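Chains Z and R, in that order, are what the protein sequence lines are. Letter by letter, the first sequence follows residues 1 to 301 in this note's numbering. Letter by letter, the second sequence follows residues 1 to 515 in this note's numbering.
Where hints are given, some of them may not hold.
Unchecked claim - Under 8 Å between C-beta atoms, here's a sample of chain R residues computed to sit facing chain Z:
id	residue
1	ALA357
2	LEU404
3	LEU423
4	LEU434
5	GLY435
6	ARG436
7	ILE458
8	ALA464
Rather than coming from a laboratory, the hints here were simulated on the basis of the structure. Source: prediction; values computed, not measured. Quick reminder that beta carbons are idealized off the backbone N, C-alpha and C, glycines included.
What follows is each chain in one-letter form.
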Amino acid sequence: MFEIIKKNINIDFLSRVNLFFIVSGVLCIISLLLIFSKGFNYGIDFAGGTLVQVRFNQPPDLNDIRNDMEKLDMGDVIIQNFGDENGIIIRVERTGTNLQEITDKVQHKLLDTYGHDKIIVERVEQVGPQVGDELKKKAFLALIYALIGILLYITVRFEFVFSVGAVAALFHDVLITLGIFVLLGKEINLPIIAALLTIVGYSLNDTIVVFDRIREKIKSTAGKRTLRETINMSINETLSRTVLTSLTTLMAVLALYIFGGAVINGFAFTLLIGVIIGTYSSIGIAGSLVYFMKTRKIAKT
Amino acid sequence: MNSKFRWGIIIVLIMVSLYYIFPLDKKIKLGLDLQGGMHVILGVQVDAAVDAKLTNTLTQLKKEFNASKIKFTYIKKIGDSKIDIALPEDFIGEARKIIEKNYPYLRETGLDKNNNIMQLMFTQDEIKRTENYAVEQAIQVVRNRIDQFGVSEPLIQKQGETQILIQLPGINDPDRAIDLIGKTAQLRFHIVDENINPRDALDGDLPFDDIILYEQVFDETRTKIIQKIPYVLKSDAVLTGEYLVDAGVRISPQYNEPYVSIRFDSAGAKLFDEITADNVGKRLAIVLDDHVYSAPSIRERISGGEAQITGNFTMEEAKDLAIVLRAGSLPAPVEILENRTVGPSLGLDSINSGVKAAMIGVILVMLFMAIYYRVAGLFSVFALLLNFIFILAAMSLFGATLTLPGIAGLILIIGMSVDANVLIFERIREEIRLGRTPVNAIESGYERAMSTILDANITTLIAAVVLFQFGTGPIKGFAVTLSIGIIASLFTAIFVTRTIFISLYLNKKLERVNI
Numbered sequence: 001m002f003e004i005i006k007k008n009i010n011i012d013f014l015s016r017v018n019l020f021f022i023v024s025g026v027l028c029i030i031s032l033l034l035i036f037s038k039g040f041n042y043g044i045d046f047a048g049g050t051l052v053q054v055r056f057n058q059p060p061d062l063n064d065i066r067n068d069m070e071k072l073d074m075g076d077v078i079i080q081n082f083g084d085e086n087g088i089i090i091r092v093e094r095t096g097t098n099l100q101e102i103t104d105k106v107q108h109k110l111l112d113t114y115g116h117d118k119i120i121v122e123r124v125e126q127v128g129p130q131v132g133d134e135l136k137k138k139a140f141l142a143l144i145y146a147l148i149g150i151l152l153y154i155t156v157r158f159e160f161v162f163s164v165g166a167v168a169a170l171f172h173d174v175l176i177t178l179g180i181f182v183l184l185g186k187e188i189n190l191p192i193i194a195a196l197l198t199i200v201g202y203s204l205n206d207t208i209v210v211f212d213r214i215r216e217k218i219k220s221t222a223g224k225r226t227l228r229e230t231i232n233m234s235i236n237e238t239l240s241r242t243v244l245t246s247l248t249t250l251m252a253v254l255a256l257y258i259f260g261g262a263v264i265n266g267f268a269f270t271l272l273i274g275v276i277i278g279t280y281s282s283i284g285i286a287g288s289l290v291y292f293m294k295t296r297k298i299a300k301t
Numbered sequence: 001m002n003s004k005f006r007w008g009i010i011i012v013l014i015m016v017s018l019y020y021i022f023p024l025d026k027k028i029k030l031g032l033d034l035q036g037g038m039h040v041i042l043g044v045q046v047d048a049a050v051d052a053k054l055t056n057t058l059t060q061l062k063k064e065f066n067a068s069k070i071k072f073t074y075i076k077k078i079g080d081s082k083i084d085i086a087l088p089e090d091f092i093g094e095a096r097k098i099i100e101k102n103y104p105y106l107r108e109t110g111l112d113k114n115n116n117i118m119q120l121m122f123t124q125d126e127i128k129r130t131e132n133y134a135v136e137q138a139i140q141v142v143r144n145r146i147d148q149f150g151v152s153e154p155l156i157q158k159q160g161e162t163q164i165l166i167q168l169p170g171i172n173d174p175d176r177a178i179d180l181i182g183k184t185a186q187l188r189f190h191i192v193d194e195n196i197n198p199r200d201a202l203d204g205d206l207p208f209d210d211i212i213l214y215e216q217v218f219d220e221t222r223t224k225i226i227q228k229i230p231y232v233l234k235s236d237a238v239l240t241g242e243y244l245v246d247a248g249v250r251i252s253p254q255y256n257e258p259y260v261s262i263r264f265d266s267a268g269a270k271l272f273d274e275i276t277a278d279n280v281g282k283r284l285a286i287v288l289d290d291h292v293y294s295a296p297s298i299r300e301r302i303s304g305g306e307a308q309i310t311g312n313f314t315m316e317e318a319k320d321l322a323i324v325l326r327a328g329s330l331p332a333p334v335e336i337l338e339n340r341t342v343g344p345s346l347g348l349d350s351i352n353s354g355v356k357a358a359m360i361g362v363i364l365v366m367l368f369m370a371i372y373y374r375v376a377g378l379f380s381v382f383a384l385l386l387n388f389i390f391i392l393a394a395m396s397l398f399g400a401t402l403t404l405p406g407i408a409g410l411i412l413i414i415g416m417s418v419d420a421n422v423l424i425f426e427r428i429r430e431e432i433r434l435g436r437t438p439v440n441a442i443e444s445g446y447e448r449a450m451s452t453i454l455d456a457n458i459t460t461l462i463a464a465v466v467l468f469q470f471g472t473g474p475i476k477g478f479a480v481t482l483s484i485g486i487i488a489s490l491f492t493a494i495f496v497t498r499t500i501f502i503s504l505y506l507n508k509k510l511e512r513v514n515i
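Please model the complete structure; the sequences and the hints are all you need to start from.
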C-alpha cells in the first residue's frame with residue numbers, strides 16, 4: 001500500500017495548540033496591519049477606471065507608450081507587460097464622466113503611433129465609479145452571507161461551538177490570504193473575490209471532515225476517552241485524507257496557475273495560497289478552537 | 001439495487017449526456033470572455049428625461065395660451081423642476097383653468113401676488129412615471145438599433161431602476177457599436193436668429209429666447225475637432241424627430257458624398273411645409289444632440305415632407321445615423337457605467353490555455369490516484385471522466401454559459417471531486433486495518449464516509465450559491481460550473497465507483513481489495 005501519511009500516525013496536535021495559535025495570531029495581526037496601513041490594491045472592478053489590453057506584433061517599448069499616454073493628459077496611467085512581452089495593459093485610474101472618451105483617446109493614440117496592422121486591442125474593461133462602489137458592497141456582502149449561511153448549516157448539523165470554530169478558521173484563511181495579497185501588491189478584483197469564496201468552501205470542506213470524525217467518535221465512544229484524545233485522534237485519522245485531497249487540488253490549481261493564461265493568473269494564485277492555508281487551518285486551528293472553547297465552557301459550568 | 005440496474009442507470013445517463021454535449025461548439029454556450037464580445041451597462045439619465053418633458057410642457061403652454069388669447073409676460077423654466085409664468089392678474093383664473101384641465105400632472109406650488117407669477121411643478125407621480133417611461137423606451141430604442149445593426153443573439157434587459165444591461169456576442173467593431181447605442185439622436189430643427197451676430201451673442205448679448213449651439217468641424221481622420229462654429233438659434237424647436245418616419249442614406253450627385261435623407265409623417269410634413277413657407281430667406285438649423293449639422297437657407301416653401309441632413313459624413317457614419325434616426329431617439333441621454341469588451345483572439349487564447357491547463361490537471365490527478373490507490377484509483381479516474389461528461393451535459397441542458405472562470409471551476413472540480421473518493425478509500429483502508437473482510441470494509445467504508453461527504457459538499461454548495469447570487473457574467477459562470485460540478489461529482493464518486501466495486505467484488509469470495 002502506498003501511503004504518504006503512515007497508518008499509525010499519532011501526533012499530539014493539541015499539545016501544540018499554543019504554537020498554532022501564536023503562529024496564526026501573528027499572521028492575522030500582520031495581515032490586519034498590512035491591510036490597514038497599506039490598503040488593498042483594488043483593480044478597476046472596484047476602484048473604477050479603464051483597462052486596455054493590447055497585443056503588439058513585436059515587443060513594444062513601454063517607456064514610449066508611457067510618454068504617449070502622458071501626452072493625453074488623463075491623470076495616472078499604469079502601463080505594464082501582461083502575459084508575455086508582446087502583450088501590455090494600460091490602466092487609466094481616472095474615471096471621468098465620459099468613460100468612452102478615455103478608451104477612444106487611448107486607442108486612437110496607439111493606432112496613430114503604431115498603425116492598424118501592428119497592434120490588436122484584445123480587451124477593454126471600463127468601470128464607472130458608481131458601479132465600482134456597488135460591486136465593492138456586493139462583494140463584501142457576498143462574503144458575509146456565505147459565512148452566515150455556513151454558520152447556520154454547521155450549527156444545525158453539529159453544535160454551535162463547532163460552527164464558531166469553523167467560521168473562525170475561515171476568517172483566518174480569508175484574512176491571511178488577503179494579507180498576502182496586500183504584501184505582494186496584487187490586485188483585488190471580482191475573480192479574486194470568487195476565488196476567496198471558493199477557498200471558504202474548500203477550507204470548510206476540510207474542516208467538516210475533521211469535525212465529522214470528532215462527532216462520530218464522541219457518539220461511539222462517549223465517556224471512554226477525554227475530549228483531548230478524541231480530537232487528537234480525529235485529526236490524526238483524517239490527516240491522510242486531508243493531505244491527499246489538498247495534494248490533488250493543488251495539482252489541478254497549479255496546472256491552472258502555470259498554464260491557464262494571464263487573465264486567470266490572479267485567480268489561480270489566490271486558490272493556490274488559499275488551499276495551503278485552508279489545509280493548515282483545518283488541521284491546526286479548527287479542532288484546537290473547538291477544544292479550547294469546549295474546555296472553557298466545561299470549566300465555567 | 002443490483003448491479004445490472006445500477007449499470008443501466010449509468011449507461012443511460014452517459015448516452016443522454018453525450019447526446020446533449022455533441023457537437024460541442026453548438027451545444028455549449030460560451031461566455032463573452034471566451035467567444036469575444038461586449039458587455040455594457042448603460043445608465044439612463046432620467047433627470048434629463050424629466051427636464052425634457054418640462055421643456056416640452058413649456059412650449060405647449062405657450063402655444064395654448066397664445067391660442068386662447070391669454071397674455072403672458074413670460075413662461076420660463078426655473079432650475080430643473082419648476083416653471084414660472086408671469087402674466088397680468090386678469091388672466092390668472094383663465095390660465096389656471098387651462099392648466100387644471102389639460103395639465104393634470106402640473107401642481108401649482110405658489111403665487112407671487114406682487115408680481116403675478118405663478119409657480120408650477122410636476123407631481124411626484126409624474127416624475128416617477130416619466131423616469132420609468134424613459135428607461136423602458138430607452139430599452140426599446142436600443143433594441144431597435146441593435147436589431148438594425150445586426151448582432152446575433154443580443155441580450156438587452158433592464159437592471160435595477162435606471163440601468164440597461166446589453167450583451168453583444170462576437171462583435172467586431174465595439175467602438176461603432178458603442179457610438180450607435182449611446183447616441184441620444186434627438187433631432188430638432190431650429191430657425192437661426194439672423195438678427196444677432198454669434199460673436200455678440202458669445203459676448204453675453206443673448207436674447208432670453210435664443211440659444212447658442214455649435215457646428216463641429218472635424219479633421220480628415222474624423223477623430224479630432226478642429227473648429228467649432230457658433231450659431232444663434234431660436235430656442236423653441238420648430239420641428240423634432242418625433243415626426244420622422246424614415247431615414248436612409250443617399251449619395252449626393254454633386255459632391256459624390258453620402259447624406260441622410262429623412263421623411264416626415266403627414267403631420268410633420270404639414271408642419272415642415274408651414275415652417276418653410278413662413279421663413280423663406282432665413283436659415284433652418286438641423287440639430288442633432290445639441291450639435292448643429294447644417295443650417296441651409298430656406299429658398300422656397302418645401303412640401304412633401306422630405307429633408308436632408310448633410311455634414312461631410314463617411315459612408316459608415318451616414319449609415320449609422322440613418323439607423324439611429326429610424327430606430328428613434330433615446331428619451332434621455334445615456335452614460336456608460338461599465339464596459340467589458342473582449343476581442344475574439346483573446347477569447348480563443350483563453351480557451352486554448354484553459355483546455356491545456358485542464359488536460360494537464362486531469363492527467364496529474366489521474367496518475368496520482370492510479371499510483372496511490374491502484375485499481376480503486378482507476379475506478380475514481382473513470383468516475384472523474386464521467387464527471388466531466390455530466391457537467392458539460394448539465395450545462396448544455398440548462399443553457400448555462402461557460403466562461404473563463406467557469407473553466408477554472410472545472411479544473412478546481414478535478415481536484416476536489418476526487419475528494420469524495422479519497423474519503424471513501426481512506427475509510428475502506430481503515431476498515432481493512434480494523435480486520436474486516438474486504439467486502440465488509442467496502443460496504444462500511446461507503447456508508448460511514450457518506451455523511452461526511454454530504455456535509456462537506458453542501459457547505460461548499462452554499463458558498464457557490466451565494467457566489468451565483470452576487471456575481472455578474474463570468475463570475476456567475478464560475479458559480480454555475482462549481483455548483484453543477486459538486487453535484488455531478490457526488491453522483492460519480494459515490495454511485496459510479498460503488499457500482500464498479502459491487503459488480504467486481506460483491507459476489508466473489510474476495511481475499512483482498514486492491515486499494
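Taking the hints in turn, this is what the structure says about them:
no.: 1; hint: ALA357; in the structure: holds, 4 Å
no.: 2; hint: LEU404; in the structure: holds, 6 Å
no.: 3; hint: LEU423; in the structure: holds, 6 Å
no.: 4; hint: LEU434; in the structure: violated, 11 Å
no.: 5; hint: GLY435; in the structure: violated, 13 Å
no.: 6; hint: ARG436; in the structure: violated, 15 Å
no.: 7; hint: ILE458; in the structure: holds, 7 Å
no.: 8; hint: ALA464; in the structure: holds, 7 Å
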